[in-house]
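Protein chains in written order, with this note's numbering: chain A, 477 to 908; chain B, 65 to 194.
For the record, the hints were derived by calculation from the structure and aren't laboratory data.
Treat each hint with caution, since some may be false.
[Stated by the list, open to error] Computed, partial: chain B to chain A, Cβ under 10 Å: (1) K66; (2) L102; (3) T115; (4) Q122; (5) A125; (6) G146; (7) F147; (8) P184; (9) V185; (10) A188; (11) P190.
[As the list claims (entries may be wrong)] Some chain A residues close to chain B (C-beta under 8 Å, calculated; not the full set): (12) P630; (13) R640; (14) S644; (15) T647; (16) P651; (17) P880; (18) E881.
[What the hints assert, rightly or not] Pair by pair, the computed Cβ-Cβ distance ranges are: (19) A:Q588 <-> B:P179: 27 to 37 Å; (20) A:A790 <-> B:K127: 52 to 62 Å; (21) B:P179 <-> A:L747: 44 to 54 Å; (22) A:E662 <-> B:M186: 31 to 41 Å; (23) A:R745 <-> B:E142: 48 to 58 Å.
Cβ atoms here follow ideal geometry from the backbone N, Cα and C, with glycine treated the same way.
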Amino acid sequence: MTDAPERTRWDPASEHLLRELAPQVLGVVARRFRDFPSAEDAVQEALLAAFRQWPAEGMPENPRAWLIRVASRRMTDAVRSEIARRERESAIAEEEPAVEPPEEIEAAMDSQDTLILLFMCCHPALSASSAIALTLRAVGGLTTAEIAHAFLVPEATMAQRISRAKQSIRTSGVPFRAPTPQERGERLPAVLRVLYLIFNEGYASSIGAQLQRLDLAREAIRLARGTRTLLPDDPEVAGLLALMLLTDARRAARAGSQGEIIPLDQQNRSLWNRGEIEEGTALLTQALSSGTVGLYQLQAAIAAVHDEAVTADATDWPQILALYELLQRVAPSPVVTLNHAIAVAMVHGPAAGLQRLEALDGDERLSGHYRLDAVRAHLLERLGEIERAVQHYRAAAAGTASIPEQNYLMTQAARLEESREAHTSQPTDSEL
Amino acid sequence: MKYMLMMNTMRAGAGVPAWPKNDLQAHIAFMLGLNRDLQQSGEFVQAEGLTFPSQARQVRAGKDGVPITDGVFPESKEFLAGFWIIDVETPERAYAIAGRISAAPGPGGVPLNMPIEVRPVMSAPPAEMM
Chain A
477 MTDAPERTRW
487 DPASEHLLRE
497 LAPQVLGVVA
507 RRFRDFPSAE
517 DAVQEALLAA
527 FRQWPAEGMP
537 ENPRAWLIRV
547 ASRRMTDAVR
557 SEIARRERES
567 AIAEEEPAVE
577 PPEEIEAAMD
587 SQDTLILLFM
597 CCHPALSASS
607 AIALTLRAVG
617 GLTTAEIAHA
627 FLVPEATMAQ
637 RISRAKQSIR
647 TSGVPFRAPT
657 PQERGERLPA
667 VLRVLYLIFN
677 EGYASSIGAQ
687 LQRLDLAREA
697 IRLARGTRTL
707 LPDDPEVAGL
717 LALMLLTDAR
727 RAARAGSQGE
737 IIPLDQQNRS
747 LWNRGEIEEG
757 TALLTQALSS
767 GTVGLYQLQA
777 AIAAVHDEAV
787 TADATDWPQI
797 LALYELLQRV
807 APSPVVTLNH
817 AIAVAMVHGP
827 AAGLQRLEAL
837 DGDERLSGHY
847 RLDAVRAHLL
857 ERLGEIERAV
867 QHYRAAAAGT
877 ASIPEQNYLM
887 TQAARLEESR
897 EAHTSQPTDS
907 EL
Chain B
65 MKYMLMMNTM
75 RAGAGVPAWP
85 KNDLQAHIAF
95 MLGLNRDLQQ
105 SGEFVQAEGL
115 TFPSQARQVR
125 AGKDGVPITD
135 GVFPESKEFL
145 AGFWIIDVET
155 PERAYAIAGR
165 ISAAPGPGGV
175 PLNMPIEVRP
185 VMSAPPAEMM
């Protein structure tokens, strides 16, 4: 009660520092005790202790050493309770205040550790939701409560998901060491996919009434930045970061005041974040010059073409079409085909786009999917086939599992139908 | 992806099931075990049982702004007895959990084979709109 308010207030800078330190501390503790799953729990407890103590008692002089000390103590406490291992582990505990290695070696070890952690958390044996949760906690330094809140599940459920993920890692027998260059090449796509999914979850759900949710898009950008520091020469890492920035740049423009979706061609482009667009474009240009084009660079390039158009009409659709054609070759998927059809329609007219969509009718992964209906409705509208467009907008609205999207699609159908009625009920000039 | 599993088993006029004690206990243990398993698998979001139809009220806005409250509606054939919200990787997993609930033991330990309605919750993120 008598605490000065400025001492109890938790400033964002300390919180940021804590999150940056989390993977470094985990790396040190995991290596020291050769036990990643337990070390991860111990570091989480140390973070929670910091959240409790630092705002009240002030930040320790060396926050990193403080966290390592607290986490290591938790480890030895946990280990001590296992009688069989008592002797060996208390020897380690006594070693604990050993001299820390020189700073430059320490820094190199830290980044190496963070890279190991990242590959471990995005282990292919884990389900996407487990890998996401574990990455956010172990590498992102978030608390279980924050992650649970972001995904709107109880904290106990999230804790269990993380604990099971670590159990899978334990049974898989992956050692805590840096991946070989070959392993890195094989497993990097899984790492990038996890970061992409975190971004997507955050960016997409920033529409609607979920304002209190942790900003997962910002967390994903932070993690992608960190990954780029660790792997500065990988063009796909840069491509992913560029894609995130070039997409996030449009965040403020993509929803109205009531949380309603504003489609790309109707967004107020002056609300786009120029800083993010410039950073993303520069990253992308550099990545593309390396010569190996991949999935994320191509998607970033498409986002960049949209971002650089001053108006929707000024969009360079032929270039977007060419990029989708490349993307279809590099990473074919029904969704890419769907977007490709939109680009075809923008360049060669809606009829050509609709023809492309027919190829997807037989595709089981997409047939009956609401997005196929949504795109078809959009193209039919452009073709002037209003009645069929209304039908497909409504079919899409019935199929989506997103409320903002359903509202948008239903409104599109209503708008079209009203415009048609107004059109047919009005007497034409010749009748007057 | 989140799903709601709905157990629509109550009859409007029906009271609590008059099963033998052992059968009742087996049923209760089954439901508790199910929730515990869902918590342990990291899939549990929420589960609630609802009171019997005698406690239910139907409310409608009246013309003067005063809500009109009615008692149980005997014409309804089915009542929601309870629901689970789960967060799972695939629809197949949701169906498997619903199947397990459906087979909850009834009198004599015989599976009830209740119909469980599986409904995706509208919590998916929207796609980028053209």
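Tell me the hint numbers this structure goes against, listed in increasing order. Going through the list in order, the structure violates hints 3, 4, 5, 6, 7, 14, 15, 16 and 19 and respects the others.
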